[in-house]
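For reference, the chains in residue letters:
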Amino acid sequence: MKLSSPASIAKKAARGRTGYRTWRDRLFYLLFVSSVVLGVAGLVTLLANIVTDAWGWLDWQFITSYASRKPELSGIFAPLIGTTWVIVTTALFTIPLGVGTAVYLEEFAGESRFSRLVQLNIANLAGVPSIVYGILGLGIFVLLLDIGRSVLAGGLTLTLLVLPIVIIASQEAIRSIPPSYRDAAYAMGATRWQVVKTIVLPQAIPGIMSGVILALSRAIGEAAPILMISGIVFITFVPTGPGSSFTVLPLQILNWVQQPQGGFQSIAAAAIICLLIMLLSMNAVAIWIRNHYQRSRQ
Amino acid sequence: MRRNRARRHLEQRIVVWLLRLTALISVLTTIGILVSLLRPAYEFFLDVPVWDFLFGTEWRALFVPQKFGVLPLVAGTILVALIAGVVALALGMGAAIFLSEYAPDRVRRILKPVLEILAGIPTVVYGFFALTFITPQLQLIFPDMIAFNALSAGLVMGLMIMPMVSTLSEDAMVSVPNSLRDAAYALGATRFEVATKVVVPGALSGIVASLILAVSRAIGETMIVFIAAGSLANLTFNPLEQVQTMTAYIAQVATGETEQGSVVFRSIFAVGLLLFLMTLAMNILGRWVVARYRQKYE
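Residue numbers (the working numbering), protein chains in the order written: chain S, 1 to 298; chain D, 1 to 298.
Mixed in with the good hints there might be a few duds.
Take a look, some chain S residues computed to stay more than 12 Å from chain D by CB distance [what the hints assert, rightly or not]: (1) I63; (2) I81; (3) L117; (4) S130; (5) I177; (6) P179; (7) G243; (8) Q258.
Label pairs and their in silico Cβ distance ranges [unchecked claim]: (9) S/A284 to D/D182: 37 to 43 Å; (10) S/V285 to D/D182: 40 to 46 Å; (11) D/S179 to S/S176: 46 to 52 Å.
Worth flagging that the hints you see were computed from the coordinates, not collected in a lab. Even for Gly, the Cβ is constructed at its ideal location relative to N, Cα and C.
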């Protein structure tokens with residue numbers, strides 16, 4: 001890799017092309033600004049498009065009704081409750097597994113070969129397409145372990161999908177604790193586990209929590225893995241337990257987007273608004289936790 | 001006193017074993033992915049020779065006579081990812097240069113999270129946006145274009161992966177030390193010259209890696225292409241035609257009524273295996289680029 005030598009830049013400066021160079025500088029400034037503007041404009045257009053499509057469709061009846069063959073009678077009650085079931089299941093498995101792995105890697109594993117293997121493995125898992133996790137869930141949970149196209153199978157699949165995110169966020173939270181805290185506890189004769197239990201985890205909880213919430217908000221929006229688990233289903237009941245079949249919001253949206261009749265596009269947009277509101281509030285909580293505890297630590 | 005100490009050490013040993021087990025889950029996930037892909041894929045290749053699969057130019061899984069040549073699906077995948085990559089490179093690099101070299105700190109602190117919202121929007125929402133907004137706009141320019149096409153899906157996917165490029169590239173640009181910029185400015189270089197001749201070459205490894213990771217993400221994306229790109233395996237590089245990607249084919253079979261022991265059902269595992277290997281190779285390449293070509297600054 002070659003940096004232009006200062007001499008070559010100076011030579012150009014001396015050539016008296018200052019007018020051209022200033023002109024080019026301004027032109028590219030405009031181009032760079034316009035990439036940012038285009039990105040932001042894309043976001044604004046996307047949101048505006050959804051809001052105009054959904055206008056007038058999002059009401060209490062829409063939230064409390066089941067899906068119907070008529071768009072004006074349809075609602076998102078089943079996928080809303082289904083999403084809640086799946087996300088709670090995901091959280092129950094993700095938090096102990098993710099935090100446990102992070103604590104192990106940061107506090108106990110040292111530089112062993114096993115820990116390097118796990119670390120490399122996590123980095124690779126983070127890049128695996130979500131539909132491949134769906135195939136994994138279909139192959140292992142639905143077909144091999146035979147737990148059916150159920151809430152449990154969906155939750156376990158999403159757990160494996162977001163586990164790398166939680167592990168990496170938790171590792172960063174643990175790493176950011178000043179070593180002096182640990183040293184003080186060791187000096188009092190604490191075992192490693194006591195240090196983790198009384199010093200590391202309480203200090204790292206805000207960072208871990210915001211990582212967990214961000215991971216769950218990723219899981220809420222995922223359609224592809226759930227599609228592999230449950231298929232397209234017309235569900236007009238809410239899950240009664242982890243063994244129930246279910247649908248989730250993104251899948252219901254997909255279902256409606258693919259219906260050509262006009263009204264279904266509008267209720268798809270209305271369901272998207274509900275999904276975005278859920279994501280937005282989760283992200284707000286994550287940001288609040290981070291800011292709140294950052295301030296209190298200082 | 002001594003009994004207390006023995007108890008503490010026993011507790012620690014149990015905890016360490018439990019934590020090691022949680023860390024093992026991530027390794028088991030990788031093994032699970034490989035097993036759940038390889039076994040049905042192997043059975044598939046008993047019916048369809050590997051050679052015919054990899055180099056066949058016709059994919060007719062759902063029609064008689066069936067043909068399982070994967071190249072049309074690969075071509076569709078690459079076409080959409082290529083369009084997305086071009087959009088993400090143009091917008092993401094421009095945004096990264098603007099944020100890192102031009103924007104005042106206050107502007108940057110607002111714009112960066114706004115752009116990152118794009119990465120957090122569920123992909124089914126992008127699919128909706130592509131089908132109901134971008135495609136009708138494109139049809140004003142290309143009146144003959146049908147509702148499902150590679151261009152619309154690719155453009156919207158580019159918007160989705162743009163923040164990956166801009167964030168990772170900007171991080172790389174910010175880590176180029178100011179002394180290099182100051183030296184160039186002192187010689188009379190314009191901002192554009194500093195950006196393109198000092199900062200971009202200095203951050204090149206990070207920029208290239210961000211683009212590789214973003215394109216890998218585009219290859220693995222399912223919902224946008226499933227909704228907006230079409231369902232016809234089409235060996236073409238014309239962006240105005242409909243194409244089917246590897247992920248969209250897997251999703252199509254999952255939502256259809258395919259029998260579980262059939263060749264078609266097994267074919268999704270073969271396509272999934274190819275997809276997994278492609279994204280894995282790109283992720284390893286991306287990390288290798290960073291490790292190998294990173295510029296080290298004092």
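Evaluation of the provided hints:
no.	hint	verdict
1	I63	holds, 18 Å
2	I81	holds, 18 Å
3	L117	violated, 7 Å
4	S130	violated, 7 Å
5	I177	holds, 17 Å
6	P179	holds, 20 Å
7	G243	holds, 20 Å
8	Q258	violated, 7 Å
9	S/A284 to D/D182: 37 to 43 Å	holds, 40 Å
10	S/V285 to D/D182: 40 to 46 Å	holds, 42 Å
11	D/S179 to S/S176: 46 to 52 Å	violated, 28 Å
Figure legend: structure checked against the earlier numbered hints; hints not met, in rising order: 3, 4, 8, 11.
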